[in-house]
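*Asks:* Read off the chains here:
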Amino acid sequence: DAGVIQSPRHEVTEMGQEVTLRCKPISGHNSLFWYRQTMMRGLELLIYFNNNVPIDDSGMPEDRFSAKMPNASFSTLKIQPSEPRDSAVYFCASSYGGNMNTEAFFGQGTRLTVV
Amino acid sequence: AQSVTQLGSHVSVSEGALVLLRCNYSSSVPPYLFWYVQYPNQGLQLLLKYTSAATLVKGINGFEAEFKKSETSFHLTKPSAHMSDAAEYFCAVTGGYNKLIFGAGTRLAVHP
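One line per chain: the protein sequences are A and B, in this order. FYI, the numbering for the first sequence is 1 to 115, going by this note's numbering. FYI, the numbering for the second sequence is 1 to 112, going by this note's numbering.
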């Protein structure tokens with residue numbers, strides 16, 4: 001398996017532009033997580049899905065952020081409009097949610113820079 | 001609610017020395033605990049996990065961790081540090097739906 005695939009690896013955009021980050025989870029996994037990593041705040045869980053359904057989006061910082069999972073093999077995280085403070089590395093992770101001791105597998109991340 | 005606290009944001013050791021990275025957890029239910037490693041510009045990779053089968057857990061790259069309920073700890077150790085161990089290490093506990101709740105991370109530096 002190729003693992004969790006994220007695209008793009010790097011994104012530079014201007015403030016006010018829409019940004020879409022993409023994630024393909026590992027085949028057969030039914031839980032998907034979006035994390036944001038910054039120096040100041042560390043790893044923050046933004047939202048997670050189980051069987052394509054959003055379970056908890058309380059970590060989404062504000063209404064400018066939205067996430068979708070239209071099917072088991074694809075998810076997007078969108079920021080509209082983007083702001084410089086959104087600059088961070090965004091990770092997608094997936095797991096098979098059969099029991100509580102299942103580890104999550106992480107993608108390589110998308111480094112977002114908003115100028 | 002579950003949480004983890006990592007003591008020490010930076011740890012520096014000499015090559016060949018013992019590595020000890022500290023993690024304490026808080027959980028209202030028996031916890032499932034994990035250690036992940038992150039190399040520069042990479043995603044997180046699982047080192048080891050505690051699933052209640054054994055209190056001493058062995059992971060990859062010579063790392064191990066011991067679950068101590070009385071101390072609510074899950075410290076990560078390696079007898080002899082190697083230059084390639086330089087990375088950031090994260091302790092995590094599982095919440096509902098397998099979501100991982102991470103500590104702030106400990107950056108390990110290994111010097112010759």
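One should not assume that every hint holds.
[Claimed, not checked] Label pairs and their calculated CB-CB ranges:
#1 A/T38 with B/A53: 34 to 40 Å
#2 A/T38 with B/T5: 14 to 20 Å
#3 A/S7 with B/S80: 19 to 25 Å
#4 B/A1 with A/N71: 46 to 52 Å
#5 B/K68 with A/K68: 41 to 47 Å
#6 A/Q80 with B/I60: 37 to 43 Å
[Stated by the list, open to error] To give an idea of the interface, some chain A residues facing chain B are shown, with a C-beta separation under 8 Å as derived from the structure:
#7 Y48
#8 P61
#9 F65
#10 F74
#11 F106
#12 G107
The set of hints was computed from the structure by calculation and includes no laboratory data. These numbers were taken from a predicted model, which means no experiment stands behind them. Don't be surprised by glycine CBs; every beta carbon is placed ideally from N, CA and C.
*Asks:* Evaluate each hint against the coordinates.
*Replies:* Consistency of the hints with the structure:
no.	hint	result
1	A/T38 with B/A53: 34 to 40 Å	35 Å, holds
2	A/T38 with B/T5: 14 to 20 Å	19 Å, holds
3	A/S7 with B/S80: 19 to 25 Å	39 Å, violated
4	B/A1 with A/N71: 46 to 52 Å	32 Å, violated
5	B/K68 with A/K68: 41 to 47 Å	42 Å, holds
6	A/Q80 with B/I60: 37 to 43 Å	40 Å, holds
7	Y48	5 Å, holds
8	P61	17 Å, violated
9	F65	17 Å, violated
10	F74	18 Å, violated
11	F106	4 Å, holds
12	G107	5 Å, holds
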